[in-house]
Amino acid sequence: MKYEIETSKKFKKQFKKLSSKNANLVLEIIEKLSNGEVLEQKYNDHKLKGNYKDFRECHIKPDLLLIYKKKEDILILTCIDLGSHSELFKK
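Sequential numbering of the sequence shown, starting at 710, is according to the numbering used here.
None of these hints come from the bench; they were simulated from the model.
Hints should not be assumed to be uniformly reliable.
[Unchecked claim] As a list, the in silico EDC-like pairs of lysine to aspartate or glutamate whose alpha-carbon atoms are at most 16 Å apart:
| hint | residue 1 | residue 2 |
| --- | --- | --- |
| 1 | 751 | 766 |
| 2 | 778 | 746 |
| 3 | 770 | 749 |
| 4 | 726 | 766 |
| 5 | 780 | 737 |
| 6 | 751 | 763 |
| 7 | 721 | 796 |
[What the hints assert, rightly or not] Per label pair, the in silico range of CB-to-CB distance:
| hint | residue 1 | residue 2 | range |
| --- | --- | --- | --- |
| 8 | 717 | 748 | 17 to 23 Å |
| 9 | 782 | 726 | 28 to 34 Å |
| 10 | 796 | 729 | 15 to 21 Å |
| 11 | 764 | 710 | 15 to 21 Å |
| 12 | 783 | 746 | 16 to 22 Å |
| 13 | 733 | 762 | 28 to 34 Å |
| 14 | 733 | 758 | 27 to 33 Å |
| 15 | 728 | 758 | 16 to 22 Å |
Please read all numbers here as calculations on a predicted model, not as lab measurements.
Cβ atoms here follow ideal geometry from the backbone N, Cα and C, with glycine treated the same way.
Please put together the full structure from these sequences, using the hints given.
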């Protein structure tokens with residue numbers, strides 16, 4: 710099962726700021742998710758709570774996180790945001 714990939718403007722902006730090494734890591738994870746693969750435990754993939762309750766987060770690196778959502782009924786993987794905990798969840 711292959712998911713169509715959508716990205717938000719915010720995601721695209723954050724992605725452009727990444728080093729080529731980190732960008733390749735992000736693309737590798739997105740490819741796995743779009744193929745319907747379950748991520749390895751080291752990525753700490755989990756559901757979020759509160760305002761982000763419909764989304765998931767995975768840790769690509771300790772301080773490089775991807776927030777995404779899968780729409781199972783129409784096979785769309787939506788990449789919402791990318792950054793560190795402090796960037797993504799600042800109060």
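Problem set entry | Satisfaction of hint between residue 746 and residue 778, Cα-Cα up to 16 Å | holds (14 Å)
Exercise. Is it true that the CA of residue 770 sits at most 16 Å from the CA of residue 749?
Worked result: Distance ~13 Å between residue 770 and residue 749 Cα, so the pair holds.
Problem set entry | Range hint compliance [Cβ, residue 782 to residue 726, 28 to 34 Å] | Holds - the Cβ-Cβ distance for residue 782 and residue 726, about 33 Å, lies within 28 to 34 Å.
Exercise. Given the proposed pairing of residue 780 with residue 737, does the C-alpha separation stay at or below 16 Å?
Worked result: Cα-Cα ~20 Å, so violated.
Exercise. Between residue 717 and residue 748, is the Cβ distance one that fits in 17 to 23 Å?
Worked result: holds (20 Å)
For this session: May I ask you to test the hint 15 to 21 Å on the CB atoms belonging to residue 764 and residue 710?
Result: At 20 Å between Cβs, range holds.
Exercise. Are the Cα atoms of residue 751 and residue 766 separated by 16 Å or less?
Worked result: Within the cut-off at roughly 13 Å; holds.
Exercise. Lying within 27 to 33 Å: is that true of the beta-carbon distance residue 733 to residue 758?
Worked result: holds (30 Å)
For this session: Starting from residue 751, check that the Cα of residue 763 is at most 16 Å away, please.
Result: violated (22 Å)
Problem set entry | Assessment of proposed distance window 15 to 21 Å (beta carbons of residue 796, residue 729) | Hint holds: Cβ distance 20 Å, inside 15 to 21 Å.
Problem set entry | Status of the given 16 to 22 Å range, CB of residue 746 versus CB of residue 783 | holds (19 Å)
For this session: Can you let me know if the beta-carbon spacing of residue 733 and residue 762 is within 28 to 34 Å?
Result: holds (30 Å)
The structure fails to meet hints 4, 5, 6 and 15 from the earlier list, while all remaining hints are met.
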